[in-house]
Amino acid sequence: NAGVMQNPRHLVRRRGQEARLRCSPMKGHSHVYWYRQLPEEGLKFMVYLQKENIIDESGMPKERFSAEFPKEGPSILRIQQVVRGDSAAYFCASSPRTGTGDGYTFGSGTRLTVV
Amino acid sequence: TQLLEQSPQFLSIQEGENLTVYCNSSSVFSSLQWYRQEPGEGPVLLVTVVTGGEVKKLKRLTFQFGDARKDSSLHITAAQPGDTGLYLCAGAGKYNNNDMRFGAGTRLTVKP
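Protein chains in written order, with this note's numbering: chain F, 14 to 128; chain G, 3 to 114.
Bound conformation, chain F alone:
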């Protein structure tokens, strides 16, 4: 009974490289959310996706960042040409289709370090 799986747990990238963060939601969950967390801070909403649809990307920077949740496979958060300011913990959460307000199940996060 796997929860939300994120990989990798830790990712180191040099400035200018691309970072790909993966999130496999809980079985049966079709809503996926990505959040960014800086040290000593709370969670900042980035994007909300359903299968093959971006519902709300209002929290995502307009440039270099993109997200997808294909029909098959994990959700991907992609950061192109990373800069030091992108260093943060990125959390993915999922929830069931029916939208009962029962809360999110979070993954353990990917800690991105840009050197």
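Rather than coming from a laboratory, the hints here were simulated on the basis of the structure.
Remember, predicted model here, so these are calculated numbers, not experimental data.
Treat each hint with caution, since some may be false.
[Said to hold, decoys possible] Chain G stretches covered by chain F per the calculated footprint, using a threshold of three residues with CB under 8 Å from any CB of chain F:
hint: 1; segment: 43-54
hint: 2; segment: 103-110
[Claimed, not checked] Per the computed footprint, the stretches of chain F lying under chain G, defined by three or more beta-carbons under 8 Å from a beta-carbon of chain G, are:
hint: 3; segment: 36-45
hint: 4; segment: 82-92
We treat Cβ as the ideally placed atom computed from N, Cα and C, and that holds for glycine.
The hints should help you fit chain G onto chain F, whose structure is shown.
Frame of chain F, contents of chain G only:
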């Protein structure tokens, strides 16, 4: 954007003390949730409150949802070192009950 303000931002107390942390907004929420996050891990859901004035108890933790569904509080009785963590509140946003936006959190340290 619905903003949730949490206070205090930091709280350090001795084991056995009681404490209350707050989550306030100018917006009305259909539901509000509390999470606890430990270092290096993702947040874990503690409780969901839905009805204005609702009070829920989880062992030594008491959660209250304001009558107007704009604010909430978390009270911990006889705090223990294991309660140490970041406490986050989250309110249901504009798309459906699962579109949650988070406050910045209260970082609690309980010293033995």
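Hints, one by one, checked against the model:
1. 43-54: That given contact holds, which follows from 7 residues of the segment 43-54 of chain G lying within Cβ reach (below 8 Å) of chain F.
2. 103-110: The restraint on the segment 103-110 of chain G holds, since 6 of its residues have a Cβ under 8 Å from chain F and three suffice.
3. 36-45: violated (count 1)
4. 82-92: Coverage by chain G is violated for the segment 82-92 of chain F (0 residues, Cβ < 8 Å).
Hints 3, 4, counting from the list given before, are not met by this structure.
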